[in-house]
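J.: Generate coordinates for the entire structure from the input sequences, incorporating the hints supplied.
Residue numbers (the numbering used here), protein chains in the order written: chain A, 1 to 400; chain B, 1 to 353.
A couple of the hints might just be wrong.
[Unchecked claim] Computed list of lysine-lysine pairs in BS3-like fashion (alpha-carbon distance at most 27 angstroms, straight line):
(1) A:Lys178 <-> A:Lys191
(2) B:Lys146 <-> A:Lys178
(3) B:Lys146 <-> A:Lys131
[Unchecked claim] Take a look, some chain B residues computed to stay more than 10 angstroms from chain A by CB distance:
(4) Thr28
(5) Val103
(6) Asp195
[Stated by the list, open to error] Derived Cβ-Cβ restraints for the label pairs, each shown as a range:
(7) B:Glu34 <-> A:Arg180: 33 to 43 angstroms
(8) B:Gly74 <-> A:Arg294: 35 to 45 angstroms
(9) B:Arg350 <-> A:Gly354: 47 to 57 angstroms
(10) B:Phe313 <-> A:Ala166: 26 to 36 angstroms
(11) B:Gly32 <-> A:Glu329: 28 to 38 angstroms
(12) A:Lys393 <-> B:Lys146: 48 to 58 angstroms
These aren't lab readings, by the way, just hints derived from the structure by calculation.
These numbers come from a predicted model, not from an experiment.
By construction, the Cβ of each residue, glycine as well, lies at the ideal position given by its N, Cα and C atoms.
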Amino acid sequence: MRGLLTILFLLLTLVPARALVLDRDTVWRGELSFSEPVEVPAGVTLRVEPGSRIRFQGSGLTVLGRVHAREAEFSGAAWTGLVLRGVGVDSLLADCRVSGAATGVRVESGAPRLEGLTVENNRIGIELVRKTDATVSGCRLLRNSRVGLMLKDGATAGVVDCTFEANGRYGAYIYKSKPRRFAGNTFRDEKVALMLSHYGSDPVIEGNCLTGNDTGVMVDRAARPRLVGNEISGNRVGLYCYRRSDPQVAGNRIRDNEIGVLVAYSSYPVLHGNDLADNRLAIRLEYQSIAWERQKGEAARRQESGRGAFGSRPRQTVGESERRAAVREGFIDARDNWWGDEATRRLVDLGADGNPDFIHDGRDQATFEEGGQNWPLDRVRFAPWRGEPVPFKADAGGNP
Amino acid sequence: MKRLFAILITVLLLAACRQGGPSGVAGTLLRGNEPLAQASVEIYLKADKDRSVQPFAVGSTDDEGRYRIELPPGRYFIIGKKRTETADGRPLMLMAECPANPVQVDRGLLQVAPFGLREMGRDGQLVPEPGTGLDGRVVFEGAGVKHAFVYVYTDRELNSVGPGYGAAVETGSDGAFHLDLPSGTFWLAARKRADGSRFGVPRPGDLNASFGPVTLRSGERIDYGEIALKRVSEERYRQKQAEGHFADTGTALTGRLRDSEGTPVAGVRVFAYLDSRMVGKPVHISDPSGGDGRFRLNLVRGGTWYLGARSAFGGPLEPGEWVGTWEGNADHHVEVPDGQVLDLGDFEVREVW
Chain A
1 MRGLLTILFL LLTLVPARAL VLDRDTVWRG ELSFSEPVEV PAGVTLRVEP
51 GSRIRFQGSG LTVLGRVHAR EAEFSGAAWT GLVLRGVGVD SLLADCRVSG
101 AATGVRVESG APRLEGLTVE NNRIGIELVR KTDATVSGCR LLRNSRVGLM
151 LKDGATAGVV DCTFEANGRY GAYIYKSKPR RFAGNTFRDE KVALMLSHYG
201 SDPVIEGNCL TGNDTGVMVD RAARPRLVGN EISGNRVGLY CYRRSDPQVA
251 GNRIRDNEIG VLVAYSSYPV LHGNDLADNR LAIRLEYQSI AWERQKGEAA
301 RRQESGRGAF GSRPRQTVGE SERRAAVREG FIDARDNWWG DEATRRLVDL
351 GADGNPDFIH DGRDQATFEE GGQNWPLDRV RFAPWRGEPV PFKADAGGNP
Chain B
1 MKRLFAILIT VLLLAACRQG GPSGVAGTLL RGNEPLAQAS VEIYLKADKD
51 RSVQPFAVGS TDDEGRYRIE LPPGRYFIIG KKRTETADGR PLMLMAECPA
101 NPVQVDRGLL QVAPFGLREM GRDGQLVPEP GTGLDGRVVF EGAGVKHAFV
151 YVYTDRELNS VGPGYGAAVE TGSDGAFHLD LPSGTFWLAA RKRADGSRFG
201 VPRPGDLNAS FGPVTLRSGE RIDYGEIALK RVSEERYRQK QAEGHFADTG
251 TALTGRLRDS EGTPVAGVRV FAYLDSRMVG KPVHISDPSG GDGRFRLNLV
301 RGGTWYLGAR SAFGGPLEPG EWVGTWEGNA DHHVEVPDGQ VLDLGDFEVR
351 EVW
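T.: Here's what the structure looks like:
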């Protein structure tokens, strides 16, 4: 290996308290403990052999060169985590366990592969930033105190076949990013399983399974993803559209939730071709009024976004034209969905102008009060409806 | 008596016409033809050759784009700046020198003619002339470097103060770049940051090169050839750090960043501003706090400083970020004796979600 291979074979050795920069290709094997930051500079390869146990005390590992680790364990006390900075597709973390860090694995730019990792009990499990094109596949993100996986800063990473469970606030959080693929992931026992927030978060979310969470998918602040072929079942709220979010929702199975789709604050999702059967309430509108949006929406958003980091600076990161509701008729478009056998029978009796009991909208509650004024609650346009269940592609095997 | 009354009236009128009160500068900043609100106005004592020092005074524009800064009589250089973002989230730096620089302040407020800020960055700030420009290729160890940034400066010294460039382009997959420019003399820098970012001090491991001057005549297009990047060394980085915002001057603030439960928070920087609104570019920035939450913020001098803390360098607050302001005073200021190190004790920050 370029004649400069160094093998560190240390057993519970504490490296002296100074920054350690690996100046040549290095292999880690066995149990190592570091009390100061370790850096792998560009041009240097760090290889971590299977079975290695690497501990950091108040420090962490930053890789600018190349890293190849398989079946290793990275842990520590008050440690910062692993940072992969601008590393290429030839960097690989596979089947490793990363725990106890501020951020388990942070990927800045570059395109490394994270495969089969178990990332648990960190503050943030994996953070993908600065337009990284990383690939995260088959990872388990468990019990991280804030977020299992975070994508931001225009990350275009692929996230496939991962499992998210019991993370503190969010399973996965997509912020101003558009992952090139977000598919085949499983979420359970999360407060919010999948969060998509802010203008620019408009990826395709496809073929994921979100069951047994408080909220399955939350779309917030002008995010406009496409949700296609996802299983969103057994949650308190299946899909929560909040604060001017307009997701396109098609071909999903949104069943057995207490509330299938909750729509609030000037959000106008388009729901077509979904299975919305057997929810206690299929769609509920809250504080949702096109009249309010016309009169107060822009001012409310300006007030909300008009504070800088330290509280005093008017700032507008997204123009109002990007956030203004495109649909301004006061209807939520939920045509062409399957509502279930019994619900469909009731729809047939009620007709297109009826007031089905599985939808809570302006037909049930004419107005709501906000700012000392009553505002008309929007309505759901549910007709025409499907006369038979929507085929769910995942049932046929493979991704929809 | 009538004559005496006339003299008295004349004296009173003259007194009223005279510019009284404090001396300083006042004016309006524009973008295009529109007033530019919440922009910074920086006052320097020297010409642009020495802008790496902190400004002598800083003010900001109101909602009408107006500013008013009290200054002792003297000769000043006025710079307008505003950091903001485009609709798609791209950082945007607006900047311009006052065309009247240097301005002479004597007695009273000097009314400065309105001037417009231009975008420093991707487009709009340097208006290209037809057929005029510069082409080249950014390489490292002989290979083209994709997604590097090439920055064009109209002044050699601006290079040292960050985003004061006049244009910037990103290299293509083969490292090639093409810059459409007006005629003139330019200094250029090419940078490839390992973390992929467009801004920020080049860190160890980043790739960097400066070149120029390049003089272009109108209608002339130059192929500069290859620009070889060099890796920023730890030694060079430390040297630059010691010269800049992090330099130890003997006047400093220390303390411990912690959350509401008293747990130390690592990786958070403390920012010091001269302006109570704490907007724009801070005058001083600390290193990130350590695992014990401890920080040290070196200051160029004592006085009144307004303090904020956050885990990112700039831009909008993002989920997961730590942020806080010094709450020892309602307006977040602290008085620091010259030449002393003042321990603030605990500095609380909160998470943003």
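J.: Now tell me, hint by hint, if it's right for this structure.
T.: Hints versus structure:
Only pairs whose Cα atoms come within 27 angstroms are accepted, and Lys178 (chain A) paired with Lys191 (chain A) is accepted, the gap being roughly 22 angstroms. For the suggested pair Lys146 (chain B) and Lys178 (chain A), the alpha carbons sit about 21 angstroms apart, so the restraint of at most 27 angstroms is met. At most 27 angstroms may separate the alpha-carbon atoms for a hinted pair to count; Lys146 (chain B) and Lys131 (chain A) meet this at roughly 14 angstroms. Distance to chain A confirms Thr28 (chain B) as a non-interface residue, since its nearest Cβ pair spans about 18 angstroms, more than 10 angstroms.
Non-interface call for Val103 (chain B) relative to chain A: holds, since the shortest CB-CB distance, roughly 27 angstroms, exceeds 10 angstroms. The claim that Asp195 (chain B) is not at the interface with chain A is violated, since a C-beta of that chain comes within 10 angstroms of its own (minimum 4 angstroms). Distance hint check for Glu34 (chain B) and Arg180 (chain A): the Cβ-Cβ separation is about 39 angstroms, which falls inside the suggested range of 33 to 43 angstroms. Look at Gly74 (chain B) against Arg294 (chain A): about 53 angstroms separates their beta carbons, and that is not inside 35 to 45 angstroms.
Evaluation of the 47 to 57 angstroms hint for Arg350 (chain B) and Gly354 (chain A) yields a pass: the beta carbon distance comes to about 49 angstroms. Between Phe313 (chain B) and Ala166 (chain A) the beta carbon distance is about 33 angstroms. The supplied range of 26 to 36 angstroms therefore holds. As the Cβ distance of Gly32 (chain B) to Glu329 (chain A) is approximately 36 angstroms, the hint placing it in 28 to 38 angstroms holds. The hinted window of 48 to 58 angstroms between Lys393 (chain A) and Lys146 (chain B) is violated, with their beta carbons roughly 37 angstroms apart.
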